[in-house]
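If you read the protein sequences in the order shown, they are chains S and Z.
Residue 97 in the working numbering sits at position 97 of the first sequence; the count goes up by one each step and never skips.
Residue 157 in the working numbering sits at position 157 of the second sequence; the count goes up by one each step and never skips.
Please note that the accuracy of each hint is not assured.
As the list claims (entries may be wrong) - If you want the ones that stay clear, here's a sample from chain S, every Cβ over 12 Å from chain Z, calculated:
#1 L2
#2 L53
#3 H88
#4 V147
As the list claims (entries may be wrong) - Quick look at which bits of chain S chain Z covers, simulated, 3 or more residues with Cβ under 8 Å:
#5 8-22
#6 233-247
Bear in mind the hints are in silico, worked out from the structure with no lab data behind them.
The beta-carbon is built from N, C-alpha and C at its ideal position, and this holds for glycine as well.
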Amino acid sequence: MLVEQLVNGIMLGAVYALIAIGYTLIFGVLGMLHLAHGEVFMVGAFVGLVVALHAPSIILAIAAAMVATGLLGLLVERVAFRPLRGAHHLAPLATTIGAGIVLQETTRWYFGAEQRGYPRTLADAIWEIGPLRLSSVQVFILAAAVVLMVALHLFLSRTGPGRAIRATAEDPIVAGLLGVNVEAVVLITFFVGSALAGAAGVLVGLAYNSVHPFIGVQMGIKGLVVMLLGGLGNVAGAMMGGLVLGVLEVLGAAYLASSYRDAFAFGVLMLILLLRPEGLLGATVQRRD
Amino acid sequence: MLSPHVEDILIQLGINIVLALSLYFPFSAGQLSLGQGGFMAIGAYASSWLGVALGWPWPATFAAAALSAAVIGGLVGLPALRVRGIYLVLMTLGFGEIVRVFFLNFEPTGAAQGYRGMAFVTDLPLVAAIVVAVSVLAGRTAGSPLGRAFAAIGTDELAAEVIGIDVTRAKLVAFVVGAAVAGLAGALWAHYVLFIDPEEFGFHRSVMPFTFLVVGGMQTYWGPLVGATVLTVLPEYLRFLQEWRLAFLGGAMILVMIVRPQGLVDRRLIDALGRALRYLLPQPARGPAG
Numbered sequence: 001m002l003v004e005q006l007v008n009g010i011m012l013g014a015v016y017a018l019i020a021i022g023y024t025l026i027f028g029v030l031g032m033l034h035l036a037h038g039e040v041f042m043v044g045a046f047v048g049l050v051v052a053l054h055a056p057s058i059i060l061a062i063a064a065a066m067v068a069t070g071l072l073g074l075l076v077e078r079v080a081f082r083p084l085r086g087a088h089h090l091a092p093l094a095t096t097i098g099a100g101i102v103l104q105e106t107t108r109w110y111f112g113a114e115q116r117g118y119p120r121t122l123a124d125a126i127w128e129i130g131p132l133r134l135s136s137v138q139v140f141i142l143a144a145a146v147v148l149m150v151a152l153h154l155f156l157s158r159t160g161p162g163r164a165i166r167a168t169a170e171d172p173i174v175a176g177l178l179g180v181n182v183e184a185v186v187l188i189t190f191f192v193g194s195a196l197a198g199a200a201g202v203l204v205g206l207a208y209n210s211v212h213p214f215i216g217v218q219m220g221i222k223g224l225v226v227m228l229l230g231g232l233g234n235v236a237g238a239m240m241g242g243l244v245l246g247v248l249e250v251l252g253a254a255y256l257a258s259s260y261r262d263a264f265a266f267g268v269l270m271l272i273l274l275l276r277p278e279g280l281l282g283a284t285v286q287r288r289d
Numbered sequence: 001m002l003s004p005h006v007e008d009i010l011i012q013l014g015i016n017i018v019l020a021l022s023l024y025f026p027f028s029a030g031q032l033s034l035g036q037g038g039f040m041a042i043g044a045y046a047s048s049w050l051g052v053a054l055g056w057p058w059p060a061t062f063a064a065a066a067l068s069a070a071v072i073g074g075l076v077g078l079p080a081l082r083v084r085g086i087y088l089v090l091m092t093l094g095f096g097e098i099v100r101v102f103f104l105n106f107e108p109t110g111a112a113q114g115y116r117g118m119a120f121v122t123d124l125p126l127v128a129a130i131v132v133a134v135s136v137l138a139g140r141t142a143g144s145p146l147g148r149a150f151a152a153i154g155t156d157e158l159a160a161e162v163i164g165i166d167v168t169r170a171k172l173v174a175f176v177v178g179a180a181v182a183g184l185a186g187a188l189w190a191h192y193v194l195f196i197d198p199e200e201f202g203f204h205r206s207v208m209p210f211t212f213l214v215v216g217g218m219q220t221y222w223g224p225l226v227g228a229t230v231l232t233v234l235p236e237y238l239r240f241l242q243e244w245r246l247a248f249l250g251g252a253m254i255l256v257m258i259v260r261p262q263g264l265v266d267r268r269l270i271d272a273l274g275r276a277l278r279y280l281l282p283q284p285a286r287g288p289a290g
């Protein structure tokens with residue numbers, strides 16, 4: 001069913017977009033890659049799991065995961081980014097990979113390496129709309145992702161801190177001269193970006209009913225692909241890139257070769273780098289290499 | 001005689017050193033690859049398959065492993081020359097994942113079930129010989145015009161181009177040699193553990209040599225050598241680290257980057273050690289002392 005595949009693709013894509021927005025916000029403000037972002041997403045999935053096992057509300061699980069990963073993002077900034085101001089641009093790759101490994105190992109130590117099932121907190125209703133079959137889980141995931149993205153858009157466009165983030169992404173030095181508190185902007189960016197990844201973690205846990213300490217690696221890499229698709233530092237681009245990759249992957253798996261599903265993302269990645277490295281919508285951040 | 005446990009550590013150490021040096025070549029020319037695990041997989045699978053399915057003798061399969069990784073390295077490296085910095089990191093990362101997914105689906109080498117049947121070839125003398133050979137190659141390159149071209153490109157690509165260095169050629173050579181050495185590391189690994197599967201050549205395997213480089217130091221080829229040694233041997237001898245060895249690697253990366261961004265071994269340390277060594281060694285006679 002093409003329509004059903006499309007719905008799956010859009011659902012997956014919305015989750016990719018949530019992860020990629022974090023990458024792109026942080027890259028936009030700091031000009032650095034945050035390679036532990038996939039692990040922040042993974043921690044969000046586990047926090048959501050713990051809450052969902054004890055509380056009946058999935059909304060509560062998402063909220064808890066967002067707060068926890070937001071704080072985790074601040075910790076990562078403190079440990080892996082702040083000591084490196086002015087360092088070589090590859091330095092944060094090393095510290096964030098290190099931080100990611102520590103997060104993975106700590107989670108593995110606490111929860112074990114095997115897959116953990118998510119509780120069925122949402123009633124498994126199936127709605128049929130014409131030819132389309134929608135499960136309540138799918139609808140919830142889509143709705144949650146859309147709500148979060150709209151909230152982010154309003155935050156960035158209507159609020160003072162949001163404007164400060166955009167100004168800093170444009171040019172941190174000029175923004176600082178104009179009175180933007182760049183230190184605070186960096187912290188807000190990490191909190192918001194990481195919280196979105198944490199919410200994505202819970203949504204993925206819901207979608208697949210299982211999480212394990214190593215889901216962050218694959219998702220993290222896909223988030224990077226999506227960020228590149230949309231253009232480095234381009235938030236709208238990340239949203240669109242997520243949808244493009246999600247739909248592409250699901251359709252590719254359904255109609256071409258399902259076992260190569262994970263390779264589509266990377267094939268797309270290499271093509272973009274070769275043909276249009278500034279991304280589909282163009283990068284708002286200059287290449288700093 | 002070495003105990004089997006010590007021998008095992010030394011062989012793994014040797015393979016890790018070869019892998020670390022495989023990243024040193026492109027890195028010395030300013031290119032960071034997070035896809036060395038992919039080249040290692042190509043070498044491991046090529047040497048294994050040629051030995052098992054076609055019955056080639058191991059020296060031929062090892063040569064083929066290095067060669068096939070080099071050829072693929074050239075194919076990836078050519079377009080990769082257009083991208084640099086973070087874009088190259090992402091591209092090599094994607095390449096490593098594509099290789100992993102390819103072998104995960106490639107039936108002739110067992111796909112997800114993995115591949116076995118390789119002859120045991122990788123003993124300590126062979127590993128030691130290859131470590132020495134690759135180290136000498138790295139040392140020779142560092143002092144050669146090509147190595148100085150790498151260093152110039154690594155420092156400032158535009159300036160290197162202005163003073164007449166063929167940047168494209170030098171970068172391609174660095175990338176391809178690195179790929180070949182990683183392929184060799186893969187052949188050594190396959191013919192030691194005698195069972196390979198695609199999952200072991202993923203992102204983590206690619207991160208390993210980068211860890212060695214970061215911790216050891218990136219300015220000289222001694223850095224990756226020392227980094228691989230410290231990070232392979234230390235967890236073996238600190239028992240409480242066993243379960244936490246990966247977390248230890250991660251923590252070490254953060255700590256070293258913050259405290260000593262140039263890594264444990266930098267050029268100044270090598271120079272100082274060289275002076276100390278000259279001082280300690282008996283000097284050639286210089287005539288009567290005044």
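So, going through the hints one by one against the coordinates:
no., hint, result
1, L2, "25 Å, holds"
2, L53, "25 Å, holds"
3, H88, "7 Å, violated"
4, V147, "30 Å, holds"
5, 8-22, "violated (count 0)"
6, 233-247, "violated (count 0)"
Consistency note: the structure conflicts with the earlier hints numbered 3, 5, 6.
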